[in-house]
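**Student:** Working from the sequences, and respecting the hints, build out all of it.
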Amino acid sequence: MSNPDPISVFRTEAAELLEQIESGLLDLTRSLDDRDQIDAVFRGLHTLKGSGAMFGFEALAAFTHHCETAFDRVRKGDVPATHELVSAVLSAQDHMRALLETPNGDHDAMSASLLDNLHRAVNGAGSPALTANPAATAAPMAETAGGLREWRIRFSLPLNAMANGTNPLGLLDEMRDLGECKIVADTAGVPDLAALEPRDIHLAWDVSLKTEKPRSDIEDVFIFVMDEMELDITEIAAERPAALAAPAAAMPKAVVVSEREAPAVQAANDSKQAKSAENVRVPAERLDEMMDRVGELVIAQSRLTQLAGAAADLGLRSVSEEIERLSGELRDTMMVLRMMPVASLFSRFRRLVHDLSRETGKEIELITEGESTEVDKTVIDRLADPLVHLVRNSIDHGLEKPDERIAAGKDPKGKVVLSAHQTGGEVIITIKDDGRGINRDRVRAKAESSGLIQPGQALSDPELLQLIFQPGFSTAQAVTNLSGRGVGMDVVKKTVETLRGAIDIVSKPGNGSEVSLRIPLTLAIIDGLLVRVGGGCYVIPLSAVEECLELSLEDDLRSRGRSFISLRDSLVPFLRLRELFRTGTQPDQHQKVVVISTGSERVGLVVDQIIGDHQTVIKSMSKLHHDVATFSGATILGDGSVALILDVTHLVAAGQHQEAQMRAAG
Amino acid sequence: MSEAARKLDYGTIWGDEEDLSVLTFNLNGETFAIEAIVVQEILDLLPETHVPGSKPFVSSVINFRGKVIPLADIRLAFGMDATETTIDSRIIVIELDLDDEPTLVGIRTDKVNEVTTLAKVASEPPPSVGMRWRADYINCLVKRGGEFIIVPNLHAIFSSRKERSGNTSAPN
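Protein chains in written order, with the working numbering: chain A, 1 to 666; chain B, 667 to 838.
Accuracy of the hints is not assured; some may be wrong.
[What the hints assert, rightly or not] Footprint (simulated), chain A over chain B, 3 or more residues, beta carbon under 8 angstroms:
| # | stretch |
| --- | --- |
| 1 | 695-702 |
| 2 | 705-711 |
| 3 | 758-772 |
[What the hints assert, rightly or not] Examples of chain A residues lying across from chain B (beta carbon under 8 angstroms, computed):
| # | residue |
| --- | --- |
| 4 | M229 |
| 5 | G295 |
| 6 | E296 |
| 7 | I611 |
| 8 | H614 |
| 9 | K619 |
| 10 | S641 |
| 11 | A643 |
[Stated by the list, open to error] Here are some of the chain A residues that sit facing chain B, going by a computed Cβ distance under 10 angstroms:
| # | residue |
| --- | --- |
| 12 | D292 |
| 13 | S622 |
| 14 | I636 |
Rather than coming from a laboratory, the hints here were simulated on the basis of the structure.
For each residue, glycine too, the CB sits at the ideal point set by N, CA and C.
**Tutor:** So this is what it looks like as structure tokens:
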């Protein structure tokens, strides 16, 4: 268990690499001559190829090799980076994912067609052949290129190089590719057989190479091992051919190049190492387990506090207070462990928008804000699909074609803003576009024709907009590839509700729409209002509570016939939890009403007593209680007893049902 | 459950073993036994939280080491009356596979006796007539001394409760 399967580790790493490559490529679409990004993409591809081959993903390695070659040429300035090339590599990169997942599948045809694309993208861009390195290219390193020159290269690798996955034969082969090569191995460092550790590498090599490539090409051969190895590259044709030991001063120009390159590689390696030191992969279930333990600790600690409070022992009390502080801190730290920045969620939309932009012919700019906002990992995982639906809807239904936008006096480039920010215990994720907005008349017509509302039924604007979340609702007149099947929005709503969140929607005709998802920060803890009904304690999620008020005797008596109170001129139906739960107890003298809401719908809950604010860990109910819809979960109180958490959506629905019955009764 | 299925179930609990290690306990004067291997823990009575709207058979939940688990009263499955709790009353926590998901369930008992071994030769499948209880809720009866020990079929009890939730509220 502590030794994870190397293949699965490789898959995870490769997935990360592919993500890096993708984000690099997408950055490139914005500024095509960004050398850092070109290098980053090249390095990613190169690593992927290398480790792919190492772990037996031959097809992946072979395929990646072609993309790497293409980018290598871009990097060297042989061909310019073009949008066609980036797109070709982007789609090739999807194929790499497939190769990664099903290495034995039949991918040949796909590979061939993608490579064909790639080839066209590279060669169509105007630079015909590898060897004709033109002076026209902007890369400064090309300056040193010229006729055939002879180089002398001495290098030795660190002892553990092979253990780290470096294959010296590969390096030699790469040098052979550069030109005519004479390679001599220096065996002076090899110890006696008795002392020889077969995994260590004791050889050094002396290579004389005739090539017309510049010095930087030779250095590139060693790009991934340069930091640890010893490497001397000398031009034999230079003035001081004997100066093997101090070659650098001989060629000022080349030195400039090498100094530029080396620190860059160094920096990349450094940041890579720093990253691996910062992050530890932990299976989510271990975190959950730990969360449970911390929950138990908090409960045990509160029992201790009660005991210590009752005892007169000062020493015990001070220890108990210290433990209280420590366990509180431990709980807070634990909560943060599961949090992840939403950046990981937003980053995948850059690709989606890029693709959609090409498919629809609309120019789209994606702006993301508040990417560092942190949310529980489960929330992030579950929000991915709903957000895809929303972004697709914005682009497909919301944004107009460039000519329509110009006609409407807008920037031809449509804007989609994805933003996240935190308020209190909630994270608000907003998808905003500056398109045409939601067409109310079409929504109404559609709702009427599909029988969701009565013709001519009076609806407030928010109510009308909420209709788009009804199952099967879609106003797209033609089903497009993107959206319009009417399965998206109700899924979005359901997912958000299972996350105990809510959706708000605002739309101005002609000015675009804004959909906001309000999601609790974490699924694991809840801020609740603890109330007593009869002899039992219950928790109402605080996010749903609007206000608390006393149930006046008048209202109580009058409501035998009609169960509602008037709250600032609007009728709020209420449920008597005592009756709903059949506690069989007498009501308290001063009953309270807790008004809860989901969006625009409100319901009052009559309780016996409001105990107070309560923050706690949520426990799910077992399967044996899944038929009880009134409760969404349970929580453990300070004294170790269990309190049930009310399912607000269910209660509001029950209240609305009651209201409807009242209306029907007249 | 059909006769054949019951026989099959009877076979699975014993398997090829001649002996079965069980925990015995009392309910309304009858002795029951459950496989020792599924028992997690024996608890003193804990504060219970009633779940309004649930089936009487699993009408409350308890806090078992920071987990909220249902507390079942299998007396109600056998149509027995609920008895007063005594100083001997205990809760046995067992782990069951419900829909392939390990689930912890507490079972209320009047008294927990001992861990003992039952011999297969002394056991017999529940008779199809002459019993007050639903035959499919019983795995087998084992003769010991002058009495019978009832080995309940926990899977049948807990899963059928799920399917037939409509008609289970009758015995109360």
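**Student:** Once the shortest beta carbon distance from S641 (chain A) to chain B is found, is it less than 8 angstroms?
**Tutor:** Status holds, d = 5 angstroms.
**Student:** Taking a Cβ-to-Cβ distance below 8 angstroms as contact, does the stretch 705-711 of chain B have at least three residues touching chain A?
**Tutor:** It is violated, with 0 qualifying residues against the three required.
**Student:** For the hint on E296 (chain A), just tell me whether its beta-carbon gets within less than 8 angstroms of chain B.
**Tutor:** holds, 4 angstroms
**Student:** Would the stated hint for D292 (chain A) survive a check requiring a Cβ distance to chain B of less than 10 angstroms?
**Tutor:** For D292 (chain A), the interface hint holds, since the closest Cβ of chain B sits about 5 angstroms away, which is under 10 angstroms.
**Student:** Can we keep the I636 (chain A) interface hint, with Cβ of chain B closer than 10 angstroms?
**Tutor:** holds, 5 angstroms
**Student:** Between the stretch 695-702 of chain B and chain A, are there enough contacts, at least three residues with CB-CB distance under 8 angstroms, for the coverage claim to hold?
**Tutor:** This one is violated; 0 residues, fewer than the three required, reach chain A with a Cβ under 8 angstroms.
**Student:** Are A643 (chain A) and chain B close enough, Cβ to Cβ, to be under 8 angstroms, as the hint says?
**Tutor:** holds, 7 angstroms
**Student:** Should the interface hint for K619 (chain A) be scored as holding, given a Cβ-Cβ cut-off of 8 angstroms against chain B?
**Tutor:** holds, 4 angstroms
**Student:** Hint validation: M229 (chain A) versus chain B, beta carbon distance must be below 8 angstroms. Holds or violated?
**Tutor:** violated, 53 angstroms
**Student:** Is the hint on H614 (chain A) kept, meaning its closest Cβ partner in chain B is under 8 angstroms away?
**Tutor:** This interface hint is violated because 15 angstroms lies over the 8 angstroms limit.
**Student:** Verify the interface restraint on S622 (chain A): the C-beta must sit less than 10 angstroms from at least one C-beta of chain B.
**Tutor:** holds, 5 angstroms
**Student:** Have a go at the G295 (chain A) hint: is there a Cβ in chain B nearer than 8 angstroms to its own Cβ?
**Tutor:** Constraint on G295 (chain A) satisfied, holds at 5 angstroms.
Checked against the numbered hints given earlier, this structure breaks hints 1, 2, 4, 7, 8; the rest are met.
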